[in-house]
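Chemist: If you want the building blocks of each chain, they are given just below.
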Amino acid sequence: MSLEILGISVLWIFLFGYVIVASIDFGAGFFNAYSLITGKNHILSKVIKRYLSPVWEITNVFLVFFFVGIVGFFPQTAYYYGTILLVPASVALILLTIRGSYYAFESYSGMRGHKGYALAYGLAGLFIPASLSVVLTISEGGFVMMNEAGPQLDYGALLTSPLAWSIVALSVTAVLYISAIFLTWYAQKAGDQKASDLMRKYALVWGIPLIISAFGVIIELRSTDNWHYEQMIDLSWLFIVSGILFLATYWLLWAKSKYGLAVTLLIFQFATAFFAYGISHYPYLLYPYLTVHDSFTNETMAIVLVVAFIAGLCLLVPSIYLVFKLFIFNKGYISGEDETHV
Amino acid sequence: MNESAVFWSRILTEVTLSFHIIYATLGVGVPILIMIAHWVGIKNNDEHYILMARRWARGFVITVAVGVVTGTVMGLQLSLLWPNFMQVAGQLIALPLFLETFAFFFEAIFLGIYLYTWDRFENQKKHLLLLIPVAIGASMSAMFITILNAFMNAPQGFDMVDGQLINIQPLVAMFNPAMPTKVAHVLVTAYMTCAFILASIAAYKLMRGSNHIYHKKALYLLMKLGFIFTVATVIIGDFSGKYLAEYQPEKLAAAEWHFETSENAPLVLFGVLDDGEIKYAIEIPYILSVLAHSNPTAEVIGLDQFPVEEHPPYYIHYFFDVMVMIGMFMLFVSAIYLLAIWRKWSFIRSKWFRFIVILGGPLSVIAIETGWWLAEVGRQPWVLRGYMTTAEGATTSNHVELMLILFSILYFILAVGSIVTLHRMFKNNPIVKEIAKRSSKGDV
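Residue numbers (this note's numbering), protein chains in the order written: chain A, 1 to 342; chain B, 343 to 786.
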């Protein structure tokens, strides 16, 4: 495997990690707000908070890791994407900032359950994936013009593009679906049957628009005679595997059995789709200006980064395992027996 | 090149950084202080210090949240506002940036664990151990990001041939001449600032009439630590001056209004610059030569050796004065405090002295800000000294002004939010109440 493939694979894996943990986070915020409006928050709030509190900071780092890594391995992305994305990325950043900091403000100041605030928090969580997914649309090509000043984003074309909106729809429904299934399982583990049942219902509801919007994206890609679509066809078996995994997950939920397995299948479902999407995008990072090969950093830096990455993983993997052991998989913690917060 | 985009990008970066470093400094220094308090508590079996660690940790969560999110903003803004610079930096010095995220990851993970496992371990020492990676991670991430900044001041580890970068040596780029003094100065001033900020709070409580032993213990511990860190700051500050004289003489010359290269150079304190004339300044003979080369008769390079378009703005002199004066003042205040404790002088319990201690926290923050402005404005017009000007590094996008407005509103909200939250948190749960609660549980 060449270094650039290794680099992009590493980054793609981290991005996938972010997509999963952030989806749980964003979706949880939305469901929390929704339950507050419908008066069901006494069922959900506790479980959601137990999960989110120790991990919200870690979620953020996945994102930082991705954008630092991509500038390191592919410095030219800084030039192209940095210039084009000023507005959409800034908007996403502002939302992330408000969300991240206010989570801490609210949780630790002892003022919980403010309705307007929870609603803003929940909605911000849905706008973030929407604004971040714009990058996926842009990378398909056709929204960036080059002139002597540098690359410019065509906002008009982007905002009127059906492809852009179908990707937005897919990202938002995916967030809600992933989050709902995870929380179904998590609540059941915590012994909170009511919360688990409610989340199961939400998961079943959001599975349907998810699959519709997934088809929507495929149809949009096809109708624009897209270079990417052709390559996706070659990998269609992976998308089919993903579809089968979706059906299996959905069936487990329907049958109210083995939620742990459902979460695993869910992760594999998104992993196959995510990696099939990524592989079919090869070799372009931004069609047609930027490929994985011509934007790759010099070899010395690449090798040093890979070494640093491996060293970093040696620290990271045991630490994350520790978090899981202490919080996510700790019966005492998730069921709220020991209240040992600072 | 887009002139207005360059200008607004600089302003936005300045606003973001100036805001971020307040919280970032707390993020670097406070974990060390929590660790020390926790350790003292365990060692002396004194519940007050444990409570100190606990209360500081609680407040720390809020500041760390703002630090994390604004740090994320800063990280992405580097690429959004300075895409051309980042393209070059990505090839040259992605390594420290990359390592910084690992340090940050490490810190985030263990901070989460530390915060959520109070009273969960039978052995308190185990819990203390969790704080070591937090403190190390915080200082390491400060170190790595400062290395990146040091590289911008003293680029090396590559050759530029016809605009192409060759012979890249990432480690040589990291261990550049600016790195040791910069990293040391950043770390030690962060520790110092945090000690004085927390000391301000203790002094405030005492001035407002609380006579609780908890606040007295806190104040004594913090002033002691603050004194040590300030001594270290002064020493490292002197090294920084010598570094500048050697490698970046134009920055030192602009900060000192040293226009002509000369021997026996005097140090210019205060004063104003009026049409190139220095007025109302105090000149201390030979001191600049001592500062630069430890020799009162040594020659110090002046701004005359540099073309005018490469001069940093002369107003950095004021930043230098403010930073140094505050440093000296804090050294003096903490020394007097310790001396008074030793000699049992009672004036340190007077209102006016406590008021001075209260000022120490905000003053140290001002010193941090002016120090960074001095360092950053002092390397203008370069973003990579000698290689790339700031204007060449900036974005060409036309929307930077709008982003400046949005982000300024955001920082305002964050500042208000964090202050209100912190205030409410400690007002609703004063120390007396917390001690009472814990003793009723049988912990004290």
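The hints are simulated quantities; they were obtained by calculation from the structure and are not laboratory data. Glycine residues also receive a C-beta, built at the ideal position from the N, C-alpha and C atoms. One should not assume that every hint holds.
Partner residues aside, some chain B positions facing chain A, computed with beta carbon under 7 Å [stated by the list, open to error]:
#1 408
#2 448
#3 684
#4 759
Chemist: Enumerate the violated hints, using their earlier numbering and listing them in ascending order.
Modeler: 3
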